[in-house]
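**Q** Sequence:
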Amino acid sequence: MKHYYKEVKKVMRGEKTPEDFVIAIYGEDYNWAKLIAARRIFIEDGGDPSVFDKYEWKVELPEGIRIDTEF
13 MKHYYKEVKK
23 VMRGEKTPED
33 FVIAIYGEDY
43 NWAKLIAARR
53 IFIEDGGDPS
63 VFDKYEWKVE
73 LPEGIRIDTE
83 F
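Heads up: the sequence shown begins at 13 in our numbering, then just goes up one per residue.
It should be emphasised that the hints constitute simulated quantities derived from the structure, not laboratory data.
Please note: incorrect hints may appear among the correct ones.
Pairs of lysine to aspartate or glutamate residues, derived as EDC-like cross-links and limited to a Cα-Cα distance of at most 20 Å, are as follows [said to hold, decoys possible]:
1. Lys18 / Asp57
2. Lys70 / Asp80
3. Lys18 / Glu56
4. Lys22 / Glu75
5. Lys21 / Glu31
6. Lys18 / Asp60
7. Lys66 / Asp32
8. Lys14 / Glu56
9. Lys22 / Glu40
10. Lys22 / Asp32
11. Lys21 / Asp65
12. Lys18 / Glu31
13. Lys14 / Glu40
14. Lys46 / Glu75
Have a look at the derived ranges for each label pair, beta carbon to beta carbon [said to hold, decoys possible]:
15. Ala45 / Glu68: 17 to 23 Å
16. Gly26 / Gly76: 28 to 34 Å
17. Met24 / Pro74: 27 to 33 Å
18. His15 / Gly39: 15 to 21 Å
19. Lys14 / Asn43: 32 to 38 Å
20. Pro74 / Arg25: 31 to 37 Å
21. Pro74 / Lys18: 18 to 24 Å
22. Glu75 / Arg25: 32 to 38 Å
These figures come from a predicted structure and were not determined experimentally.
C-beta: ideal position from N, C-alpha, C; glycine also.
Working from the sequences, and respecting the hints, build out all of it.
**A** If you want it as structure tokens, here you go:
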């Protein structure tokens with residue numbers, strides 16, 4: 013699995029947004045499932061989950077699914 017430590021640090025320092033992080037992994041055309049997967053990668057590579065949880069996402073999550081949903 014590829015790691016994104018440098019990108020995580022940039023998000024944590026405020027140099028990039030969480031959305032920039034998702035786009036770096038999955039491209040501009042990401043969906044809610046890829047968003048949740050990117051959050052998991054972000055956390056595994058040392059990121060604070062609250063950064064993702066507080067961000068205003070443009071992707072609508074299906075009913076009953078939250079950004080912190082584990083599959």
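**Q** For each hint, tell me whether it holds in the structure or not.
**A** Consistency of the hints with the structure:
Between Lys18 and Asp57 the CA atoms are separated by roughly 9 Å; this keeps the pair inside 20 Å, and the hint holds. Between Lys70 and Asp80 the CA atoms are separated by roughly 16 Å; this keeps the pair inside 20 Å, and the hint holds. Our distance criterion of 20 Å between C-alpha atoms is met by Lys18 and Glu56, whose separation comes to about 13 Å. In summary, the hint linking Lys22 to Glu75 is not supported, as the alpha carbons are separated by about 31 Å, beyond the 20 Å threshold.
Distance hint between Lys21 and Glu31 is fulfilled; the C-alpha atoms sit about 14 Å from each other, no more than 20 Å. Using a Cα cut-off of 20 Å, the hinted pair Lys18 and Asp60 holds, with the two alpha carbons roughly 14 Å apart. With a C-alpha separation of about 15 Å, the suggested pairing of Lys66 with Asp32 holds against the 20 Å cut-off. This hinted pair checks out: Lys14 and Glu56 have alpha carbons roughly 11 Å apart, not beyond 20 Å.
Proximity of Lys22 to Glu40 is assessed by CA-CA distance (about 19 Å); at most 20 Å being required, the pair is judged to hold. Among the hinted pairs, Lys22 with Asp32 is consistent with the structure: their alpha-carbon atoms are about 10 Å apart, no more than 20 Å. Restraint check for Lys21 and Asp65: satisfied, since their Cα atoms lie roughly 17 Å apart, inside the 20 Å limit. Between Lys18 and Glu31 the alpha-carbon distance is near 15 Å, which keeps this suggested pair within the 20 Å criterion.
Note on Lys14 and Glu40: the hinted pairing holds, with a Cα-Cα distance of about 19 Å set against a maximum of 20 Å. For the hint pairing Lys46 with Glu75, the CA-to-CA distance comes to about 16 Å; that is within 20 Å, so the pair holds. Take Ala45 and Glu68: their Cβ atoms lie about 19 Å apart, and the range 17 to 23 Å holds. In this structure the hint that Gly26 and Gly76 lie 28 to 34 Å apart at CB holds, the actual value being about 32 Å.
Restraint check, Met24 to Pro74: a C-beta distance of roughly 28 Å satisfies the suggested window 27 to 33 Å. Between His15 and Gly39 the C-beta distance comes to about 18 Å, which sits within the given range of 15 to 21 Å. At roughly 20 Å, the beta carbons of Lys14 and Asn43 sit outside the given window of 32 to 38 Å. A C-beta distance of roughly 32 Å is found between Pro74 and Arg25, which places it inside the suggested range of 31 to 37 Å.
Evaluation of the 18 to 24 Å hint for Pro74 and Lys18 yields a failure: the beta carbon distance comes to about 32 Å. For Glu75 and Arg25, the Cβ-Cβ distance of about 35 Å falls inside the hinted range of 32 to 38 Å, so the restraint holds.
Checked against the numbered hints given earlier, this structure breaks hints 4, 19, 21; the rest are met.
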